[in-house]
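We have chain A; now place chain B onto it with these hints.
Residue numbers (this note's numbering), protein chains in the order written: chain A, 1 to 115; chain B, 1 to 114.
Treat the hints as calculated values from the structure; they're not laboratory data.
Output of the computed footprint for chain B on chain A, the stretches with three or more beta carbons under 8 Å from beta carbons of chain B:
1. 42-50
2. 106-114
Pairs of lysine-lysine, DSBU-like flavour, derived with a Cα cap of 30 Å:
3. Lys44(A) x Lys61(B)
4. Lys68(B) x Lys44(A)
5. Lys44(A) x Lys49(B)
6. Lys83(A) x Lys44(A)
7. Lys11(A) x Lys83(A)
8. Lys71(A) x Lys44(A)
Computed, partial: chain B to chain A, Cβ under 10 Å:
9. Gln6
10. Gly43
11. Gln101
12. Ser106
Heads up, the beta-carbon is just placed ideally off N, CA and C, and yes, glycines get one too.
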Amino acid sequence: EAGVAQSPRYKIIEKRQSVAFWCNPISGHATLYWYQQILGQGPKLLIQFQNNGVVDDSQLPKDRFSAERLKGVDSTLKIQPAKLEDSAVYLCASSHRSTSTDTQYFGPGTRLTVL
Amino acid sequence: AQSVTQPDIHITVSEGASLELRCNYSYGATPYLFWYVQSPGQGLQLLLKYFSGDTLVQGIKGFEAEFKRSQSSFNLRKPSVHWSDAAEYFCAVGATGSARQLTFGSGTQLTVLP
Numbered sequence: 001e002a003g004v005a006q007s008p009r010y011k012i013i014e015k016r017q018s019v020a021f022w023c024n025p026i027s028g029h030a031t032l033y034w035y036q037q038i039l040g041q042g043p044k045l046l047i048q049f050q051n052n053g054v055v056d057d058s059q060l061p062k063d064r065f066s067a068e069r070l071k072g073v074d075s076t077l078k079i080q081p082a083k084l085e086d087s088a089v090y091l092c093a094s095s096h097r098s099t100s101t102d103t104q105y106f107g108p109g110t111r112l113t114v115l
Numbered sequence: 001a002q003s004v005t006q007p008d009i010h011i012t013v014s015e016g017a018s019l020e021l022r023c024n025y026s027y028g029a030t031p032y033l034f035w036y037v038q039s040p041g042q043g044l045q046l047l048l049k050y051f052s053g054d055t056l057v058q059g060i061k062g063f064e065a066e067f068k069r070s071q072s073s074f075n076l077r078k079p080s081v082h083w084s085d086a087a088e089y090f091c092a093v094g095a096t097g098s099a100r101q102l103t104f105g106s107g108t109q110l111t112v113l114p
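Bound conformation, chain A alone:
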């Protein structure tokens, strides 16, 4: 079974530029999550999708971050414009369902550096 795929793996941009990350979840997984992991911290949930609908985006900085999951499969996370403090690893995860007991499977992440 293929795991969660993410691209690109690394991205370096200057502040105020835009950037987009892509995630393809495990086949058949209805729930998709985007996390932000700042160096030295644990992952923090940004947004959760159930199929193509948003379940929780309470911690997403909506003035600059946006995410979509068209057709309920793959997803993109965009930052526009980027700030220095957005430097982090962006992790995508998926699970079969959205219950708390369901295991979340993580992709390798995209490491973003904002200069």
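Okay, now just chain B, sitting in the frame of chain A:
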């Protein structure tokens, strides 16, 4: 709201020695508890999880964890560490009921000496 504390930022052990990583949580009801491991350049991999029942949980790679409600702890243990265990370990709590998101601790970096 739930929270997780991992008091040890960095732990160093010799190969073959036993290991215990500490995790304390804060949550008003019985939590769902997880341990994940993250190797450099890799995503997080689930080691084990606790939902209910037996408080001693067995996981992959020879790891186990014990849920102690009285101490609000869920410490991770391994009797004999291998060099390949060097990685960062994250404890996470998931709320029961309708909530779904995981709250992670800040992680413990494990170094294994030959």
